[in-house]
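K.L.:
Here's the letter readout for the chains.
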Amino acid sequence: MAEKILEIKGLKKYFPLPNGQVVKAVDGVDLELYAGETLGLVGESGSGKSTIAYVLVGMYEATDGDIIFKGDNIAKTGLHRTLKQRGDIQIVFQDPGSSLNPRRTIEQSIMVPLEIHTSLSKQEAKKQVRKLLEEVGLPSEVAEGYPRTLGGGERQLVSVARALATNPSFMILDEPTSALDVSVQAKVINKLIDLQKEFRLSYLFITHDLSLMRNVADRVAILYLGRLCELASTADFFQKPLHPYTQMLLSSVPVATTEEEKMKPVKVLSTGEIPSPVNVPPGCAFHLRCRHKKPICLREQPTRREIFPGHYVWCHLFEQKESPGSGK
Amino acid sequence: MDNAQTDTILEIKDLSVSFDVYGSISHVLDGVSFRVNRGQRVGLVGESGCGKTTTLKAILNVLPPNAILNKGEILFEGHNVFTMVDRQLAEMRRTGAGMIFQDPSSALNPVFSIKQQFMAALKYAFPPNTPPKELYEIAVKALEDVMMPDPERIMNSFPYQLSGGMRQRVCIAMTIAAGRKLVLADEPGTSLDVTIQDQIMRLIDRLVQENDLSVIMVAHSLGVIREFTSYVNIMYAGTLVEGGKTRDVFENPRHPYTIALMACVPKLTGEGIAEGIPGRVPDYTAPPTGCRYFPRCPYAQEICRAKKPQPVEIDPGHWVSCYLANEVS
Amino acid sequence: MTIITTIVKRLGGAIVVLLGLSMIIFSLMRIIPGDPARLALGPTAPEEIVEQYRERMHYNKPLPTQYYYWITGVLKGDLGVSTVTRRNVTRDFAEFLPATLELVIWAGIPPIFFALLLGVLGAMYNNRWPDYLIRFSSYIIVATPAFVWAVLFMLIFGYWLPILPSIGGRISMKFSVPSVTGLMVLDALIDAQPAAAWDAFLHLLMPSLALALGHTMQEARLTRSHMLENAGKDYITMITSQGVPRRIINRRFLLKPSVIPTVSIMGLDIASIFGNAFLVETIFNWPGISRYAMNAILSKDINAVCGVVLLFGVIFILTNLLVDVVVIILDPRMRQTRTA
Amino acid sequence: MKAKTVDATTTPIETTSTRQAELLKRSWLKFSESKVSIIGLVIVSVFLLLALGGKYLVPYPEHIGSYVDFANAGLPPSSKHFFGTDLMGRDVFSRIVGSFRNTLMMGVVVLSIAAPVGFMVGVTAGYNKGTFIDTALMRVTDMFLAVPPLVLALAIASVLEPNLTNSMLAVTAMWWPWYARLSYGVTSSLRSENYIIYAELVGAKLPHIIFKEILPNCLSAVLTKMTLDMGYVIIIAATISYAGLGEQAPRPALGSMIASGVKYMPAQWWLTVFPSITIMLIVLGFNLLGDGISSMLGAEEI
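Residue numbers (our numbering), protein chains in the order written: chain A, 1 to 328; chain B, 1 to 329; chain C, 1 to 340; chain D, 1 to 302.
Hints are supplied without guarantee of correctness; some may be wrong.
What the hints assert, rightly or not - Calculated cross-link-like contacts (lysine to aspartate or glutamate; reagent style EDC-like; alpha-carbon spacing at most 20 angstroms): (1) LYS212/D - GLU107/A; (2) LYS240/A - GLU271/B; (3) LYS267/A - GLU227/B; (4) LYS115/B - ASP331/C; (5) LYS300/C - GLU161/D; (6) LYS212/D - GLU115/A; (7) LYS25/D - ASP20/B; (8) LYS35/D - ASP131/C; (9) LYS197/A - GLU275/B; (10) LYS240/A - GLU259/A; (11) LYS191/A - GLU271/B; (12) LYS131/A - ASP95/A; (13) LYS122/A - GLU141/A; (14) LYS131/A - GLU115/A; (15) LYS4/A - GLU115/A; (16) LYS127/A - GLU141/A; (17) LYS205/D - GLU107/A; (18) LYS264/A - GLU271/B; (19) LYS264/A - ASP212/B; (20) LYS197/A - GLU271/B; (21) LYS181/B - GLU77/B; (22) LYS262/A - GLU251/B; (23) LYS57/B - ASP234/C; (24) LYS9/C - ASP134/D.
What the hints assert, rightly or not - Just a few of them, taken from the derived set where beta-carbon distance is under 7 angstroms, the chain A residues facing chain D: (25) TYR14; (26) LEU100; (27) ILE116.
Unchecked claim - Covered stretches of chain D (chain A as the covering partner; in silico rule of three or more C-beta atoms under 8 angstroms from a C-beta of chain A): (28) 213-219; (29) 259-269.
For the record, the hints were derived by calculation from the structure and aren't laboratory data. Note that the coordinates shown come from a computational prediction; the quantities given were computed from them, not determined experimentally. Idealized CB from N, CA, C, for every residue including glycine.
All chains should be modelled from the sequences, with the hints used to inform the complete structure.
P.N.:
Right, here's the structure in full:
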């Protein structure tokens, strides 16, 4: 396996509310990422997927846990990390409407990271802006325009170009295409795949769309209310999803072909609502919606079990098979 | 479904609608025609801004004031909604057709309780002398019908106190409760989480079956359309490009746009994603003459630019608006 | 419950604001060039009396000490002695405040209903002649300062068509009304003098109208634009598509969300009415607090000026609190406990 | 109905110059959509012209000042004196126009100090939203807003020598909080915009974020407010000078002209009516212009 560039251990991020309650956005997540791979992070609203991204880029400091990036622990640095680390980890945001300043030209927007992270002269930097734009498949004339003259997909590509400006090795893609139409999404996704090969980038690809994940990720991690449910290589995962939530999620995906219908292993009807992360239920966070729940699920948080090589699941159903005595 | 063919509940004929946006005219809908039979589930698929919602709003005649009806008519049970007198129009809205909106958080008035909104809607849908208590019971029953726990409490809630999924259930209950015959569903699950969307779609599916309703389901998700509808219309930039039984269209798409669109959808089977469609959606203030898709179409020819293609039936019940319908596949 | 917690929270903030305000205005008043004791007693007073006065008023102490003495007095209700009226400022307030309140109440509250009415009319007849008329007149009315209206009204209704009293004041000399509430029209009615009440009302008409015009039209404009904005919202389309009659939608489902923003700025409007009352009271010889304050400012009456500014601060904060409560009652979203 | 033929295959990327021309045209269309904006533009242009060149345009330039001609005192409006003469025999029209320069200066000085000061306070508080800095700055702002602006301005003006400079100082002191509020609102909503977050993440310095990222987004709101505020500053200035705390005699000011005219009210009505209407017109002009600018800048965002 390739070199491990990122290791997240026991990551927690809590937000205290003015009324004394606590939002447990991320509550003990372990992940690792290898050079050149795409790790898909899938979850619905309140799963904490974006919070993980924001802790990784330094927008938040972790409440607890470690994030080892190329040997350095950056969990608690927040924005006080080295310039090199800032440049090495880049992010593309979800909303194409808000990731570029509407009052600044594309060139001005891309110049910001160039001015900070490179020693290029103004002229060279302007050239570099155009080179980056061409790299992501946009005509260089785009540089003089304002974001409003571009479509959503083009804006996202500009964001990608801006992220590439610092020559990163690790890029976080926070639902980069969820606001786009499929015909535009296709363009952006294909470009991202090309760039990954060209620059040997590692991607943390955050999305709620399992079908998309199937086509871009090497490995998939499923989050529910700030905790992991399942982690596996994409092929293994779609062949045999194990966690009851994962099965429900997969069953819920509307699909456009009959072949895909066969990908849904067992039809698990979706029930219940996602609880608020302010009131995460005790025990397994999913037990309120789980049809297989047992008394232990209400009390104890499940721990990680490796069911097949590289295929992990956090669920008491699988624990009991191995050690029947743990249910008390 | 085929034997009900003769009984049409809704027919849209050559509908063209423009919008006046600060003095420049956007020609959005251009010659949209389709029909919905009683008990039929018709899908309307297209990407954002292609005019799906405008079509639905036109059916209820609730287009915004800057909309201009250029031509066309919409016959609901044989009566043109654009020429109906106020009383007929109100009657049609109260008991004929109802709409479920894409974003349930903006479809409910934030400063009125569910009860106030629900009762107002029911009050005019039922005979004027119906006692409020009876209306209240109808509302509670409708909320139970959409699987809302504790409907009495929901009635006294304000929209901000409910989750997105619950708000959408309330909207569905309001649409179904008065016994309407045609439901216009405008992407009812899009703004919700996948597992919640699944619940909402199954709920609509059950209600439609139980109450024998006709539906127009608008969506940009091909999966939703395939799973829910029996007949589908594909819309591109304000024009219908292809239509037919859902199975036929999905298994054998014939319009270059439909083919490209389907190739772009990421599949669970994971064979990668097509390159996408080159170019952009046209500028509606100066849309292409002829076929609106020709600037992006790999097969485009001179005639596509010159003249708008008319629908051609290529298989029974499956039509395509394309000069090359028989060559492309 | 939430209403009460909101009030308590706002009051806490208000106390901080008022203390800060008192410090600002106090230090401002002490930087007046010249000796405050001399200013108070006049140039002819003998030096030893001035010295005594200085000692008594703590003018010879450092500024923070002076502030301490002043603010502890204020908290006990003692605002110090006015150098103009030679009485305690608190007593002056008791005498002059009711007249101003009467004026502000008349100028502030009934016009709200006209504002809403005009706003709704403007929206319903959007881009037709009633709307144009309302908008056109609102532009002109908003552009005219209250004191200019006061002068023009005086000229037109007081002199040219003398239908309203041109001498000013609250009531004609021939009437004598015992003070109960301090509000003249009400007192006259309580005392069963309908003629006096009518006379007092006529006296009120011009000054309150001069004060009311600007904010009324401003609120009408705001209501109109919110009505039009909300008319395009999904929830209006939704209720329309349910077959609810247009007039019910306008009157109920469109009006309520549209007036909330108007109501929430009314606190500021009340403040500007108090401000404008300064000159309007002067023009109409209205024996109110504003005229009193105007005299105090012009004659550099330190205690009176500090007291007036503080009084306005208190009134402003209380009004805003009241407005907040009304908004919470109207808008359920405001009752929401804040979450992330 | 029929759309004109356009070659839809041309690239959608326009050149900079056509784009700017297009934007200019669109801005003008938006601005002039409401015809009253043009009236506003005309009134303000005339006002500016008279304020800058009034001395050379009025019939009696020497009347702007301490000129006495009792023979012609108190004349009603006539072809010789459009707005009549005052009790010193001075031409009211000339004096009104003569007061414009100071009126304009008042507005310009007040706003060009109050807007940047308020902006800095608001941006600092908004950028540090939720911290002590935010609370402290906005509380101070609230203190200034807690008193009717006019009262505060009068109180300040009275402490100082009554003259034009000090009245400008007083009005400025009470005007900045409004800009603080405005930029606070814009900044705290921009705070969560991804481009601001990105600039922070990538290591941009604070001045860059404030002046390059936030300022351009506040600008349209601030500019609109400044235009509208020109009118309100003029009202406040007139009120202060009415109270006798502004520009001192014999130099003309609209407020003090009305104040002295009130004493001669029914008889010499022109002494009050014409300055009053003038104030009305100037403020109207700025308000209409401000509305036009606001819809124009709004259009740019589409």
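K.L.:
Of all the hints numbered above, which does this structure not satisfy? Sort the numbers upward.
P.N.:
12, 15, 19, 25 and 29
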